[in-house]
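Participant: Listed in order, the protein sequences are those of chains V and Y.
FYI, in this note's numbering the residues of the first sequence are 1 to 258.
FYI, in this note's numbering the residues of the second sequence are 1 to 383.
No lab work stands behind these hints: they were computed from the structure.
Incorrect hints may have been included.
[Claimed, not checked] Label-pair ranges, simulated between beta-carbon atoms:
id : chain 1 : residue 1 : chain 2 : residue 2 : range
1  : V       : P228      : Y       : A308      : 48 to 54 Å
2  : V       : A149      : Y       : S200      : 52 to 58 Å
3  : Y       : D15       : V       : N93       : 23 to 29 Å
4  : Y       : G134      : V       : H12       : 37 to 43 Å
[Claimed, not checked] Simulated crosslink set (SDA-like; lysine to any residue; CA at most 20 Å straight-line):
id : chain 1 : residue 1 : chain 2 : residue 2
5  : V       : K69       : V       : Q128
6  : V       : K198      : Y       : D19
7  : V       : K198      : Y       : T131
8  : V       : K50       : V       : K204
9  : Y       : K52       : Y       : T34
10 : Y       : K205      : Y       : R148
11 : V       : K108      : V       : N2
12 : V       : K69       : Y       : R23
13 : Y       : K205      : Y       : V166
14 : V       : K198      : Y       : D15
15 : V       : K108      : V       : M1
16 : V       : K32       : Y       : K204
17 : V       : K196      : Y       : K204
18 : V       : K50       : V       : A90
19 : V       : K196      : Y       : Q28
20 : Y       : K204      : Y       : R112
21 : V       : K198      : Y       : D11
22 : V       : K50       : V       : I150
23 : V       : K29       : Y       : Q28
24 : V       : K198      : Y       : F10
25 : V       : K82       : V       : P228
26 : V       : K196      : Y       : K205
27 : V       : K82       : Y       : T131
28 : V       : K198      : Y       : G8
29 : V       : K196      : Y       : G136
30 : V       : K69       : Y       : E62
31 : V       : K32       : Y       : K205
A quick note: this is a predicted structure, and the numbers were derived from the prediction, not measured.
C-beta atoms are modelled at their ideal positions from N, C-alpha and C, and glycine is treated no differently.
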Amino acid sequence: MNIGVCAKISPHADARIKIKSDGSGVDTKGEKLVVGDYDEYAVEEAIRTKEAHKGAVTAFTVGATSDEKLVRSGALALGVDKAVLISDDAAVNAGPLGTAKLLAAAIKEAGCEIVFTGKAATDDGNSQVSAMIAELLGWAQVSQVTKFAIEGTSFTATRAMDAGVLQIVSGSLPVVITCEDGLNDPRYPKLPDIMKAKRKPLSKIGAGDLGLADVAATSSESNFAPPPPRPASRIIEGDAASAAQELVRLLREEAKVI
Amino acid sequence: MKTALFDGYFDDSHDAFRDVCRRFAREQIAPHATEWEEAGAFPRELYALAAKAGVLAPNWPEAYGGGGGDVFHGIVAGEELQRGGSTGTVVGLGSLGIALPPILNLGTDAQRQRFMPPVLAGEQIAALAITEPGTGSDVAGVRTRAVRDGDDYLISGAKTFITSGVRADLLTVLARTSDDPHQGLTFFVVERDMPGFSVSRALKKTGWWASDTAELAFDEVRVPVANRIGPEGSGFLALMQNFEAERLMLAVNGHALAECAFDEALAYAKQREAFGRTISRFQAIRHKLADMATQINSSKALTYASAARMQAGKPAMIEVAQAKNHAAAVARDVCWEAVQIFGGMGYMRESPVERLARDARLLPIGGGTNEIMREIIAKGLGV
């Protein structure tokens with residue numbers, strides 16, 4: 001089976017997010033970068049699918065040329081066989097739609113039958129690219145998948161919907177599977193595999209190599225700002241009964257939430 | 001601690017492996033560190049978990065189940081696992097690092113295939129048994145005897161202060177096969193279920209609480225010749241080779257432990273208030289922290305440079321002896337000052353620096369004492 005996985009390099013979830021001084025986005029300079037949280041589940045699921053059904057996994061990343069190191073340690077060292085890093089200036093500045101166009105073209109060229117993606121990027125959390133890839137390729141997409149299996153050319157995916165409701169979706173390949181927290185438990189890379197990952201094939205290409213001229217962002221982002229600081233907490237004194245009464249009063253009269 | 005001094009020794013594979021070790025320490029050790037230290041043991045299953053994650057034996061040959069890494073991958077694991085907050089757990093997991101080298105260096109391929117894979121997979125625990133109730137640094141004084149009896153040897157004697165000895169499945173035991181002080185020593189692998197072998201007692205220690213330490217008794221333990229490592233008399237030289245790696249890892253533990261204490265002290269100084277400001281704003285504390293940071297970097301620099309010599313296959317006995325002594329002194333001083341910065345809280349069992357200060361006391365004693373290290377260094381000076 002020819003399996004693809006999209007992995008975005010983003011700041012570590014523990015990173016203290018800084019905003020660029022001109023408010024145009026997140027400043028990742030000096031931050032620890034990794035394969036995004038949800039993308040980790042996608043990488044793991046792609047590798048498990050390969051282990052169960054044979055074949056090979058290709059990772060696709062749109063990002064900076066310096067992302068190579070992180071694609072190697074966060075995907076190739078875990079069992080992904082090869083990687084495509086789309087990293088020219090046009091790619092780096094592409095918006096969600098442009099990114100999806102680049103990824104869809106690369107996936108098509110690689111001949112994948114199934115592609116795993118993360119539910120959302122750790123940094124901007126747009127959740128747009130997966131659906132766009134499916135649309136551009138004319139494939140089905142299942143989002144927020146917490147359980148997944150393939151049999152022959154058909155698949156069964158469980159979606160986590162709101163309020164704990166699960167939806168089971170069946171269909172046939174090709175498909176884009178967008179992975180949710182809890183789908184699997186991502187493995188640790190083994191040291192021998194970390195070292196072998198240095199020699200696995202990774203091709204750096206640009207938008208032009210995929211025959212795409214215009215992938216510029218169709219919208220612009222500005223005025224990023226940190227969330228307002230949390231006001232100091234208040235402690236309500238007194239015995240339980242009177243404290244509860246005071247809490248209800250404050251929630252109703254001051255916070256106006258009940 | 002933020003420092004940009006040491007990039008040259010570590011490449012991308014070390015960085016990626018550091019992330020793995022850090023994740024393992026955070027997920028598998030840190031949540032239980034206090035419980036294990038107080039209980040005096042960590043679960044046996046941790047060996048297999050560590051092996052599965054690839055952090056148990058990073059710089060052992062892949063052919064036997066190791067990670068195939070270099071000296072610096074081993075250093076990365078030593079540094080990062082310490083961040084889990086339990087030195088006892090780190091050294092307990094690490095006992096294979098001193099128990100297996102004689103088998104790797106002197107053993108036959110059959111012996112390596114038999115003894116090493118189960119240990120490197122975390123299924124069996126290995127320990128090194130050298131020290132005796134009557135002899136420590138003076139290894140030539142080993143009295144445990146191995147007497148040839150047909151196709152076997154009968155081993156009798158006692159060993160003490162044996163790290164992981166309470167639970168070990170196999171022990172690399174140094175025993176006397178002739179009266180020659182140095183040429184009469186030979187290594188044997190003693191297996192736990194061999195009749196005549198017993199654990200006399202589990203020892204209580206100043207630090208390293210989560211690591212089990214044993215006194216062992218050998219009462220005519222029948223050990224087949226197949227368990228003799230190398231020819232008779234080859235033990236002393238093998239032991240000397242073993243010491244270099246052991247001392248390097250103790251030096252690494254010294255700066256790793258000091259860095260943990262420093263990080264705790266720095267964070268505490270930045271939030272603890274006295275006389276209307278955080279104590280980090282008092283020069284007495286700021287300068288203490290500055291000295292601690294400098295000491296830690298000096299220890300790392302010396303240890304990494306010694307490790308680089310080992311990595312290059314150059315003799316490093318003297319350099320490693322210097323690194324170990326320096327690291328032990330740095331760990332002692334930095335932990336002492338960290339407790340001082342914590343004040344009364346630093347003397348309480350619930351503070352992390354109290355534990356680290358106790359753990360640091362081992363470093364000038366284990367793996368060759370401070371005084372033995374200085375003898376090695378002095379000999380190198382021709383005096």
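Participant: Output the indices of the hints that this structure fails to meet, ascending.
Facilitator: Numbers 4, 5, 7, 8, 9, 10, 16, 17, 18, 19, 20, 23, 25, 26, 27, 29, 30 and 31 - these are the hints that the structure violates, sorted from lowest upward.
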